[in-house]
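There are 2 protein chains.
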Amino acid sequence: MTRTVGSTAADTGARLRQAALQLFARHGYAAVSMRQIAAEIGVQVGGLYNHIPDKQTLLFRLLSEHMAELLEAVEAAEIPAEPLPALEAFTRFHIRHHAARPEQVFISYMELRNLSPENFALLEAQRQDYEARLSAILERGAAAGVMQVEDARMATMAIIAMLTGVNTWFRETGRLSLGQVEEVYWGMVRRMVAA
Amino acid sequence: MTRTVGSTAADTGARLRQAALQLFARHGYAAVSMRQIAAEIGVQVGGLYNHIPDKQTLLFRLLSEHMAELLEAVEAAEIPAEPLPALEAFTRFHIRHHAARPEQVFISYMELRNLSPENFALLEAQRQDYEARLSAILERGAAAGVMQVEDARMATMAIIAMLTGVNTWFRETGRLSLGQVEEVYWGMVRRMVAA
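Order-wise, the sequence lines are chains A and B. By our numbering, the letter at position 85 of the first sequence is numbered 85, and the numbering carries on one by one without gaps. By our numbering, the letter at position 188 of the second sequence is numbered 383, and the numbering carries on one by one without gaps.
The shape of chain A in the complex, shown without the other chains (with noise of 0.2 Å):
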């Protein structure tokens, strides 16, 4: 009994941030509303308060899971040490990780401006954290004299600037596959640092 309440609450839990992903994605978080979000699930308002505190907590779970599953993946995709292939895998990697989840991606740029300040600096060391691994690799490469880094910072947000906008423009059933796209852009980094 107790395992049927607390798959049915976890199952209340999936659908409320699933819910809540998509209308923010759609209206933006200002103009949605606990009611609305508890409409789109089935439950009534009152019920979501035993899930979640209020919208703000919502919103930070929600940018603060896919910084988490982000460092997790990233971890799991066991990077090598050199720094050429590391660059090559942490580049395919980054581009597949965003194409599957661009809902994810478009708030988590988004909905930053809405998060309170203590939940944006949370997000913050979780975005350097990420961002860190791929300066490391440049900084390797640099030192290893692999690579050309004039500034390991600016080259590390415009290598992620400019692999998270395949989500901008990437569309399934257009005329090139996902694995396409990797090689060219891999291609694009590699020559961007070329030593």
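Just so you know, these hints were derived from the structure itself, not from any lab. Treat the hints with care, since some could be wrong.
Just a sample of chain B residues kept apart from chain A, beta carbon distances all over 10 Å, derived [to be verified]:
no.	residue
1	ALA204
2	ALA234
3	ILE236
4	ILE247
5	GLN251
6	HIS261
7	ALA276
8	LEU317
9	GLY340
10	THR359
A short, non-exhaustive set of chain B residues, derived as facing chain A with CB atoms under 7 Å [unchecked claim]:
no.	residue
11	HIS222
12	ALA225
13	ALA226
14	MET349
15	ALA353
16	ALA356
17	TRP381
18	MET383
19	ARG385
On a predicted model such as this, the values are computed, not experimentally measured, just so you know. Note that CB positions come from ideal geometry on N, CA and C, so glycine has one too.
Given the structure of chain A, go ahead and fit chain B onto it with the hints provided.
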């Protein structure tokens, strides 16, 4: 007398756009009412309708004027004909132009989803007009053998994403001047298409 009335109307129109831009950037289009915009500039909501028929038209004009201004500015930048100097001039122009307009750039990306299909199509045409200028430079460079470009469309999207991405991290009070940022980004763009 006509002249004074005309100037006042133009002034209200400009203040209306500025207020809408800031409110949309802060709260999102869907969360902002015409009443709030009117309150922000100190007029009755009925007075807004002398300037703009509805909120959708207001959003479209903001985004469309941003693109029109971009197209005029790139024209005025007198990009040279030679491919490599053209790419350098385009890179520097794009960073400078966008860094000076963070709110317009932000809502131009974020509020695309709130345009009507007709307005979206009009804006897309303007955007493609701009992107085509960069694609043409890359194609000329590849044809002349001074650039390596596997896919001019993807290289265009990659370069624009990385350059516009400067807006997400650059602060005028930071460790770098915009001139230094331009310099490092031009180095990365040049290598990205190195033949």
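Structure-based check of each hint:
1. Non-interface status of ALA204/B relative to chain A is upheld: no Cβ of that chain comes within 10 Å, the nearest being about 31 Å off.
2. The beta carbon of ALA234/B sits about 17 Å from the closest Cβ of chain A, which is more than 10 Å, so the claim that it is off the interface holds.
3. The Cβ of ILE236/B sits about 20 Å from the closest Cβ of chain A, beyond the 10 Å cut-off, so the non-interface label holds.
4. Every C-beta of chain A lies more than 10 Å from that of ILE247/B, the closest at about 20 Å, which supports listing it as non-interface.
5. Non-interface status of GLN251/B relative to chain A is upheld: no Cβ of that chain comes within 10 Å, the nearest being about 15 Å off.
6. Every beta carbon of chain A lies more than 10 Å from that of HIS261/B, the smallest distance being close to 17 Å; the non-interface claim holds.
7. With 10 Å as the threshold on Cβ separation, the claim that ALA276/B sits away from chain A holds: the shortest Cβ distance comes to roughly 24 Å.
8. LEU317/B, annotated as away from the interface, keeps every beta carbon of chain A farther than 10 Å; the closest lies near 18 Å.
9. Consistency note on GLY340/B: stated as away from chain A, and its beta-carbon is indeed over 10 Å from all of that chain's, at 16 Å minimum.
10. Its closest Cβ contact with chain A, about 7 Å, brings THR359/B to no more than 10 Å, contrary to its assignment away from the interface.
11. For HIS222/B, the shortest C-beta to C-beta distance to chain A is roughly 5 Å, which falls under 7 Å, so the interface hint holds.
12. Checking ALA225/B against chain A by beta carbon gives a least distance of about 4 Å; that is within 7 Å, so the hint holds.
13. Because the smallest distance between the Cβ of ALA226/B and any Cβ of chain A comes to about 3 Å, under 7 Å, the interface hint for this residue holds.
14. With its C-beta approaching chain A no nearer than about 5 Å, MET349/B sits inside the 7 Å limit, and its interface hint holds.
15. For ALA353/B, the suggested interface contact is upheld, since its CB lies about 4 Å from the closest CB of chain A, less than 7 Å.
16. For ALA356/B, the shortest C-beta to C-beta distance to chain A is roughly 3 Å, which falls under 7 Å, so the interface hint holds.
17. Hint status for TRP381/B: violated, given a least beta-carbon distance of 10 Å to chain A, over 7 Å.
18. The criterion of a C-beta within 7 Å of any C-beta in chain A is met by MET383/B, whose closest approach is roughly 5 Å, and the hint holds.
19. Taking 7 Å as the C-beta contact cut-off toward chain A, the hint placing ARG385/B at the interface is violated, the least distance being around 9 Å.
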